[in-house]
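From just these sequences and the hints, can you work out the full model?
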Amino acid sequence: MSRFAGIASASAAEVHPSAQAVNSNSSPSTAAALTTTEYGSLYVVEQRDQPVQLWTGNLGYNYELSNPYVNLHGLSGGAQYGLGRYVSAGLQMTKYVGQPTPLANIMGTQLNSLGATQKILIPLASGLAVLTINPLSGHLNFFGNQPLEMELHATLGMGAVLYPGKQFESASSWSIRPSVHLSRKVSAEVGVGQEIENLFSSDRLFRLQGQAGLTFSL
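Under this note's numbering, think of the first position of the sequence shown as 1, with each following residue one higher.
Keep in mind the hints are simulated off the structure, nothing from the lab.
Hints should not be assumed to be uniformly reliable.
What the hints assert, rightly or not - Okay, derived cross-link-like pairs now, DSS-like style, lysine-lysine, Cα gap no bigger than 27 angstroms in a straight line:
(1) Lys166 to Lys119
(2) Lys95 to Lys166
(3) Lys185 to Lys95
(4) Lys119 to Lys95
What the hints assert, rightly or not - Distance windows between CB atoms, simulated:
(5) Phe200 to Tyr86: 22 to 30 angstroms
(6) Tyr86 to Ile122: 34 to 42 angstroms
(7) Gln146 to Ile120: 44 to 52 angstroms
(8) Ala154 to Ser183: 22 to 30 angstroms
(9) Gln146 to Val97: 32 to 40 angstroms
Quick caveat, the model's predicted, so the values are computed rather than measured.
Idealized CB from N, CA, C, for every residue including glycine.
Following this line, the structure appears as structure tokens:
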């Protein structure tokens, strides 16, 4: 288990055990100073002694941030299998629900007055094979409160998006999501990601998303 700690801010004249561990090799004069100097208790401990979770499931919500014409909401669910302490792979399914924005409605009215018809394509669902990497995990303590067990997840995906009329478009995705453990089996996460349609085509579409969800051990 690797371990590191960083001290920030000022609080009571008390040295956290992690600070003592970091400074155990310091000189006697420095060690003596640590007992009298005020240090804060904001610290990070990298920890890799958690058991490997073979199967994890997730439920989430996402909202498209980059589309001025459609309010697009997504409900997602998936499962992943742990390939080691830092990597897992699985499937992710998302059901989309969307409606035109006021701007799109105004443009539609203007087009109708010109004898043209507005057509807005709203995706129905997507399915992706995903690979998740967990580069960081540890505990974060905010100014003397109970330490929070946290992880950072980075996910890449590849699959397809379904549109009305059984029209499929190729899709790839990425996301970065910090998570906080609520219990030994459940964690909450929030982050940002992007779904990219037709990545290698000239008419590619970038869908930037805000994401939130729950992950649980199966």
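Comparing the hints with the structure gives:
{"no.": "1", "hint": "Lys166 to Lys119", "result": "holds (17 angstroms)"}
{"no.": "2", "hint": "Lys95 to Lys166", "result": "holds (14 angstroms)"}
{"no.": "3", "hint": "Lys185 to Lys95", "result": "holds (25 angstroms)"}
{"no.": "4", "hint": "Lys119 to Lys95", "result": "holds (21 angstroms)"}
{"no.": "5", "hint": "Phe200 to Tyr86: 22 to 30 angstroms", "result": "holds (29 angstroms)"}
{"no.": "6", "hint": "Tyr86 to Ile122: 34 to 42 angstroms", "result": "holds (37 angstroms)"}
{"no.": "7", "hint": "Gln146 to Ile120: 44 to 52 angstroms", "result": "holds (48 angstroms)"}
{"no.": "8", "hint": "Ala154 to Ser183: 22 to 30 angstroms", "result": "holds (23 angstroms)"}
{"no.": "9", "hint": "Gln146 to Val97: 32 to 40 angstroms", "result": "holds (38 angstroms)"}
Going through the hint list in order, the structure satisfies each hint without exception.
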